[in-house]
Amino acid sequence: MIRVLNFCCVAAMGLTILALYHISEQTRIARVQLSQVEHRIADARTKTSVLQTEWVQVANPARIQQLAEASLGMSDTATLQLSSLELLPRRGDAPLGGAQMHDANAQVPASAPAQFVKIAAHTGM
Amino acid sequence: MNPPPTVFQRRIVIGAVICVAAFLLVGMRLVDVTVFTPNVRQIRSGDRPILSRADIVDRNGELIARNLPADDLYARPELFKDKIRAAHELAVATGVEEERLTQLFAGKHNYVLVARQLPPDVRTKVRLLNLPGLEYQADSKRYYPDGRLAAQVVGVTDGDDKGVSGLELGLNRQLRDKPMGAADQVQTSLDMRVQFILAHEAKASLDEFHAHAAGGLVMNVRTGEILAFVSLPDFDPNTRNFGDGNSSRDIMAQNLYELGSVFKIFTFAMALQDHTIHLGEEFPIGNGLKIGRYTIHEAERMPATLTVQDILADSSNIGAAQIAMRSGAVRQRAFLTTLGLLSPIHTELPENASPLYPSNWGTIETATIGFGHGISVTPLAFAAAAASVVNGGRRITPTFLKHPSDARGEQVISPETSATMRGLLRYVVTNGTGKKADVPGYDVGGKTGSAEVVGPNGRYMSGKLVTSFCGVFPVDDPRYLVFVVMDRPHGTKATDGFALAGYTAVPLAGQVISRIAPLLGVPMTPVTVAKENS
Chain A
1 MIRVLNFCCV
11 AAMGLTILAL
21 YHISEQTRIA
31 RVQLSQVEHR
41 IADARTKTSV
51 LQTEWVQVAN
61 PARIQQLAEA
71 SLGMSDTATL
81 QLSSLELLPR
91 RGDAPLGGAQ
101 MHDANAQVPA
111 SAPAQFVKIA
121 AHTGM
Chain B
1001 MNPPPTVFQR
1011 RIVIGAVICV
1021 AAFLLVGMRL
1031 VDVTVFTPNV
1041 RQIRSGDRPI
1051 LSRADIVDRN
1061 GELIARNLPA
1071 DDLYARPELF
1081 KDKIRAAHEL
1091 AVATGVEEER
1101 LTQLFAGKHN
1111 YVLVARQLPP
1121 DVRTKVRLLN
1131 LPGLEYQADS
1141 KRYYPDGRLA
1151 AQVVGVTDGD
1161 DKGVSGLELG
1171 LNRQLRDKPM
1181 GAADQVQTSL
1191 DMRVQFILAH
1201 EAKASLDEFH
1211 AHAAGGLVMN
1221 VRTGEILAFV
1231 SLPDFDPNTR
1241 NFGDGNSSRD
1251 IMAQNLYELG
1261 SVFKIFTFAM
1271 ALQDHTIHLG
1281 EEFPIGNGLK
1291 IGRYTIHEAE
1301 RMPATLTVQD
1311 ILADSSNIGA
1321 AQIAMRSGAV
1331 RQRAFLTTLG
1341 LLSPIHTELP
1351 ENASPLYPSN
1361 WGTIETATIG
1371 FGHGISVTPL
1381 AFAAAAASVV
1391 NGGRRITPTF
1401 LKHPSDARGE
1411 QVISPETSAT
1421 MRGLLRYVVT
1431 NGTGKKADVP
1441 GYDVGGKTGS
1451 AEVVGPNGRY
1461 MSGKLVTSFC
1471 GVFPVDDPRY
1481 LVFVVMDRPH
1491 GTKATDGFAL
1501 AGYTAVPLAG
1511 QVISRIAPLL
1521 GVPMTPVTVA
1531 KENS
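Line by line, the protein sequences give chains A and B.
For the first sequence, the working numbering begins at 1 and goes up steadily by one.
For the second sequence, the working numbering begins at 1001 and goes up steadily by one.
Isolated chain B (complex conformation) (with noise of 0.2 Å):
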């Protein structure tokens, strides 16, 4: 018989079993987390947040750029069964040459890029193939959904999605490095219903015209803010195809214009201001005025004499130099800086020029400039400027974020000089040049513009012509400002051949405004029959 087991033998027995139990458990609980706990680490790489750069939306929310998921695919050839097979289904849904993956697939690396930044529908294509071996690399991509609507002042990004034109570029700090959100957006001033009918109209008119350039802004004068900004030729931001038509030039922000008669304006608001003229005062036209060894001329036959009013309305050059020489060379210098036309003007959007004046600011130089030659700025500094002289006569900067607080500075002329102004301008579209543009209830001011165009050896040139008109709407308390350009139009069978801002430029504000005016709640003037007919 055997002896019984000591007390250290029970012991041992003991903590053997311990450490059996032990092991047992930790045995059953890594068969437990192998075998039937799902894999809970695994996460699909689509699932990851995407940190980009912000949305860009318009003044109401609407969406205008945004980072979209578009990762880049690759594959490694070795796992395909057939890879010929594999490059033709995935030239088939990604849009590649099948002929560089077939040479890809057959060479002799083991990872290759197949396509870049695929946009989530070519994606659920590719996920349908069911082809092993593919992998995606998380990627974004800046995406336009209005496309060419606002490309030329949206901009676009780089590859390493930095700006690198238009607001993307202007308000790069603001858009970076936020992670997609409702909250994580900017908001510009644009409003997007004004765009496309600005765009729309500016499209018909360039085609219809045969314009080599044609754009357009509106502008809140109490605001500054820009509620649309086009330029055409544009381009489309999702393929940035740069070529056969396409302009990433943004002509209202980087081209210098000699805007012609359209520059009265400034004339005549510097003229009031200084009380050098008064309404109703004539005005000797003539068949040319002489100023030394230069002889001015109308662009059209004039009357013997004029009076102040029709001056601006007839749109005279003799008559506009005439009163720019009474202010003199130095007044018209200080008042045209004052005004902001003397440099460069500073908004959100980094597309800029310097104006272009004269160094030596003479009497011929003040005649010339009176009437909107001689000086060239860009639509936009000049649009500033006389929503400086209509909005009761302070100054305003143009901005692209939404600001919707009145945003006058300093007062530049006097809001009585500002109200005479409205006056002429009204007068201008109901007796003069920009008769078109008269939207029955909306009482619109405006001045048209016509000036030749310098060529290349820095002569005008005959026929050549930029056009353009400022309206002001409604007139009595002016709240917006179009002013649109069309350069190189020509004139058509319908015009007579005419291809003058009054033909061009003043119909394409006019339908602007008679479409914008009740989507911005405009306050229409009761419009009588009786008034209408006559």
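So here's chain A without its partners, still in its complex pose (with noise of 0.2 Å):
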């Protein structure tokens, strides 16, 4: 009976050493894995990084103005601002009718000639 018994302890303790053994390599493996994967992200980061330098490049205002100027016959004008949106009158506010409404206008010197754009915009709509 005793045979039987410290058999069954010996089994018991070589099924335990490998069960143990088992979860030991499976932890190693998973601590490497965690590690591949920590790198992949901080090299996902490294590219990504890298793209939004790529688009900073690529949408530098002096690239724009380039392309504008170049592919659509764009060119350097004067700053127009007709009002700025606190002073127009909110649409509760807009005259009725046939009233008058009133004209939100601003001049400004055209580049070339040296002419005057007049800009009026009607408020109200």
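Hints are supplied without guarantee of correctness; some may be wrong.
Claimed, not checked - In silico DSSO-like pairs for lysine-lysine, Cα to Cα no more than 27 Å straight-line:
| hint | chain 1 | residue 1 | chain 2 | residue 2 |
| --- | --- | --- | --- | --- |
| 1 | B | K1162 | A | K47 |
| 2 | B | K1108 | B | K1083 |
| 3 | B | K1162 | B | K1402 |
| 4 | A | K47 | B | K1125 |
| 5 | B | K1402 | B | K1436 |
| 6 | B | K1464 | B | K1493 |
| 7 | A | K47 | B | K1141 |
Just so you know, these hints were derived from the structure itself, not from any lab.
Please dock the two separately framed chains into a single complex, following the hints provided.
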């Protein structure tokens, strides 16, 4: 009886050793895989940062202006601003019927020739 | 018949079986690990995180400078099947001289450096060659996606990733040894939109007037934040080529200029603060002001008398000299000291210069400094002092770091004097030499300055001018100061050959203000047709 008991104990010990080894091995593999994933994340971040930098480069105002002038025939002009949003009347304040509407006017000198460009925006639309 | 095994023999057999089983298990595991399990330890060199300098971004989070992977490429020539072909292909992919590579590969060295700091796109080209024997040494390179746009103010780093100029040097401690990530960045006060506009307009003026140099800055007069800081000629920080028309000298922070009439801002602020003049008072101008053996003349023809307002608007040297002399040398020196003009200005920018002023500050010096001659300061120092005059009279120190809260310090002139000065500056733009900076709707105030440049022999060079314009807007409650400088501009046919500030620096500042004011959300004063026509 005592032999059977001893055998069972030794067998249980052997199985436990195997199980522990297996778990230990799985843990080691998981740790390495985690490290790999972390490195992949870092790699992806690096690639993202490269792409962000490239985006800043291609969206550079100087480049956009150059392309706009070369491809679209656009050119620098005086900044026109009709009025600030705060100064415009709100929809509810707009005059009704045949009432005279207010004009928000601004005149700025055009680039060339020396003329005045008149801009008039009717409010209350 | 064999006798049955004894107990010991049975135990030996059992032990042997257990040992064999154990060895079998170990053997199976070895086969499993070495043959069937992929090599989990293998990590590509490109997968490592980059530990390096933090990013530099502008006030809106726009990227200005960042470290990117740029590995060094090495080769083991003995592994190439065809060394000449390998040299040719690598030369095409990396841009390295083919002859140098051919010589290196034919040499006795087992391990040779092919190229340093390969950008990602070049590295991809090299990978596509599928050449054996290539290895990469992890490295990174500082990259500036906007190129020249902010080269002078941002500066560059050296091969060891240490800042050597500009904010890269000034903010070196904050930038170093930080891992790359979204939160690891230093936010500057620069606004790259404003920076682009200022750089673009300054370059256009530099080319139009064939100036030796040009520069400008935009500053928030309440917080001290510098939104744009341009110095031309500049350089490409990515290639770092300083030859042929490129320069690493920041004229706005390093050059000392006698700025001329723009200095009258301080003369008038001092006189108003001391109540030595009052608006409407008339001063005799005449044909010259004799002080000892010196005679001060006007740059242009002036009436016999001028009011205080018109002395500033028409930029009369004789009038300004008389006003300065009313306060006297001691008071003038103390006032300029209070504004910080007689000591180097300290900002995050390491480039700096100590002002030059007379050691013997007598009557003639008081008179000439009254109209901006005989004292040399950096444009940055001047702008800081001018901002203190118009921002309610409180001292402000410029900063290149984002700092949106009010940073005004001690009171240097009274708020009333500051308000009067703003009115006078507006008068200069509406009725004086600064008319070309009168941007409709933004109520610009400002002062022009044209000063002859001091030559190598210490004498003023006739016809060689430094022109400048200091503008503030909106003048009733200023938020921004624009200061532009042009070094030795030449007159053009359009300016009838004149190169004075009113023809060169003022239009430049006007263009800049008209473009940046809407961007910065500056409230616009309604402009009526009647007002414009008048």
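Results of checking the hints against the structure:
The suggested pairing of K1162 (chain B) with K47 (chain A) holds, with an alpha-carbon distance near 24 Å, which does not exceed 27 Å. A hinted pair counts as satisfied when its Cα atoms are at most 27 Å apart, and K1108 (chain B) with K1083 (chain B) qualifies at roughly 13 Å. With a CA separation close to 22 Å, the supplied pair K1162 (chain B) and K1402 (chain B) stays within the 27 Å bound. Note on K47 (chain A) and K1125 (chain B): the hinted pairing holds, with a Cα-Cα distance of about 16 Å set against a maximum of 27 Å.
The straight-line distance between the Cα atoms of K1402 (chain B) and K1436 (chain B) is roughly 31 Å, outside the 27 Å bound, and the hint therefore fails. With a C-alpha separation of about 17 Å, the suggested pairing of K1464 (chain B) with K1493 (chain B) holds against the 27 Å cut-off. The straight-line distance between the Cα atoms of K47 (chain A) and K1141 (chain B) is roughly 14 Å, inside the 27 Å bound, and the hint therefore holds.
Checked against the numbered hints given earlier, the structure breaks only hint 5 and satisfies all the rest.
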